[in-house]
Amino acid sequence: MPPFPDAPPSCDGACPVQHAMPTASPDFDFGQPPFDLLTDDQRTALAGALDIALYPRDAVLLSREEPTDAMFVVLRGTVQERRGGEVAAVHGPGDRFGLQALYGAAGAGAGGSTARRFVAAEECACHLIPRPALEALAADNPEFGAAIIGDFAQRMRDLAALRSNREMAALTMARIRQAYLHPPLFVDASASLRDAAEAMRQNRASSVLVRGADGAVGILTGTDLRDLVVLDGRPVSEPVGPLARYGLLTLDRDDLLFNALVLMTKHAVRRVVVTENGAIVGLLGQSDLLAVLSNHSQVIGLQVEHAADPADLCRASRSIVELIRTLHATGVKVSFIADLVTELNRRIFRKLFELLAPPDLLANSCLIVMGSEGRGEQLLKTDQDNGLILRDGFDCPYLPRIAADFTRHLVEFGYPPCPGNIMVSNPDWTRPLAGYKDALFNWIHRPDEAAQMNLAIFYDAAPVAGDATLLAEAKDYLLGRLQDNQMFFTQFARPALSFDTPSGLFAALFERRRAEAVDIKKAGIFPIVHGVRALALEKHRAETNTVERIQVLAELGALDRKMATDLVEAFTILSTIRLKARVDLPDDGPEEGAELAVDNLVYPDRLGKLDRDQFKDCLSLVKSFKELIAHHFRLNH
Amino acid sequence: MAYLLHTDRRESVAIHCEATSFDPESARPLTFAAIRIRGHRILTGSALLLHPGSNTGTAEAGDLLHAFIGGRPLVGYYLDFSIAMAERLTGRPLPEERTEVSSLYYDRKIRSLSKQAVDLRLDSLVNDLDLPVRPDGAFGIALTAAMAWLRLTQDGR
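So the sequences go chain by chain: U and H. Each residue of the first sequence is one higher than the last, beginning at 3 in my numbering. Each residue of the second sequence is one higher than the last, beginning at 8 in my numbering.
To be clear, the hints were calculated from the coordinates, so they are not data collected in a lab. Treat the hints with care, as some may be off.
To give an idea of the chain U side of the interface with chain H (calculated C-beta under 8 Å), a few residues [stated by the list, open to error]:
1. P58
2. L130
3. L136
4. A138
5. K524
6. F528
We put the beta carbon where it would ideally sit given N, CA and C, even for glycine.
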């Protein structure tokens, strides 16, 4: 035990009596708004209620797993707010955070935007204002309360804005590292203009970097060359050294792409030099920057096109899950994700079929996808719904084996088999065109539950590989067989009402029951999809996508414009919530090959306030749409 | 409040006693300050500050302090003196698990400075560890001890 050179100060009986209310020594900064609104008494009360926390570097101050009971105010150091691995904001001394976790969604878990974590960027000290103290002050001092809540509301608005703007969001989160960099092309200062032009041509580059004598690096672009030689008439033998522009715009490889865009815009240039540990590693062009968003999907697309066997395809297919996660995490809109995933899934199906089927089968058949895949509303890998239409009179002896292989490979890729067995491997769904026509005839004229379902999903079918005219002919037959028979459409539309949609008049009840899960597919998505499908079928439309159907129905006057707009929006929001409920669940990235199963249960109490309100609005719209459908098809008679 | 949250996480208590002299046998305690530490968080908002015989009766103060500590490990600067005073007040022995922060600090400094004498004065310790605190009064010193303990135990240097 070391000695104690500094004994506590001893007093001799006349010591001043300490305050009963201890005041936290590191003085809280009351000059900072909104705390400057507090009266002296309120300041004393707050000072007495404060806790203090000290964090070492990299400590997690707040995450969604750990609900908080206090608002944080940074006293020293900096705290990073991270969303899905990226730094979304930095909080320094005087900044406050944690209110959203205190009152909002993030603390409640799955519903929040993406996983938010607050991490100490260095040694930090924070004041913590416990919730009861904060609420007491807000009640005592309404102005202060409004400022605190207003702050919160503003953040929620920011969050909503962030989500609504997919390009911005994707760019704000992405790093330069994710973009393609042109390798740096150097020439010496003594090289002539002609040498520089020659180097650009040989390397297909649009600029060269000039290594000056004093170690400085400059740039000379194709535009510069044009201006110098063609416009200014300089001889091509002149050395580039004095003509290059020095003072390069550089960014580190780990900088945000967004910064690169800002820099380019500010200086009206189309490229920036990228460094890593101070050394130049390449050039980032404006077009490469903008390509980053789709880059990821292009890579998968290439993997699919170049696949030599099903194993290659399997790898490409697995990376789709990661793509969905990335896109969703960076705030990309769900309709965009659906388009992309649909396209990639179809390419995979096509490629697999092409790998397995001999050329004569390819030429004489049409591979179709049905249901949500046919409508192009696939967000995750859902059940297979596929079939094969053969040209009448064509016979392929290996067909059963090829069909079985096709289905088996897709299962390996992570597309679960269809519980209704609507798959190529089922002979009912691999038959000649005439066979499909017979089936359609029966579905229309002898409707029962199974026939209704088959008809509905076949109406959504889209061609994927082979001869698309076979499907077109089958669909023509379907539309041609439809009579303007009220009974048929009444039957066809009825399932749109088969599930209850909680909302509207039951809002109060809904509030109370909000801990209960709502099946978002039955309550929201299916009624829209099927109601719209019935209306489109009635109008003999060939579109398969729900949003496209709604739009064309609005043009035809079959749907009121306002209703059409609201339906599209509700459909998008519900699909987003459905995707989010699934994607947000696991916190860490998926292990290799991990799958995102589709779960249709949504827990309103786990949604953020923003999502919850939207969810309720959507459900009440679905309710009125169902009334419209019931009225239109006379389902209540 | 504390009974619900983080019952699994171990808490400690930083204490300090100011007294009329420095001799535990004869000194009369003026102020006891005790602050709980939970994780990275120092619960200054619910700290205990006692002036035995002034704002509380001596026996009552002893019970309050004993209940507040509740078997938690103790942390302090010049902890032996504070504990001697506290045990005299409560009339009961305090938990055996104790950490003297000047000792922790000494251990760290002796590793890096080797030959030089280690300055163990509280002011120097606050400056050296860059703690956001003024070590004034029983409360200030207890808080300083809590902060120093956190800094010295949390970063494994």
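*Determine which of the earlier numbered hints do not hold for this structure and return their numbers in increasing order.*
3, 4, 5 and 6
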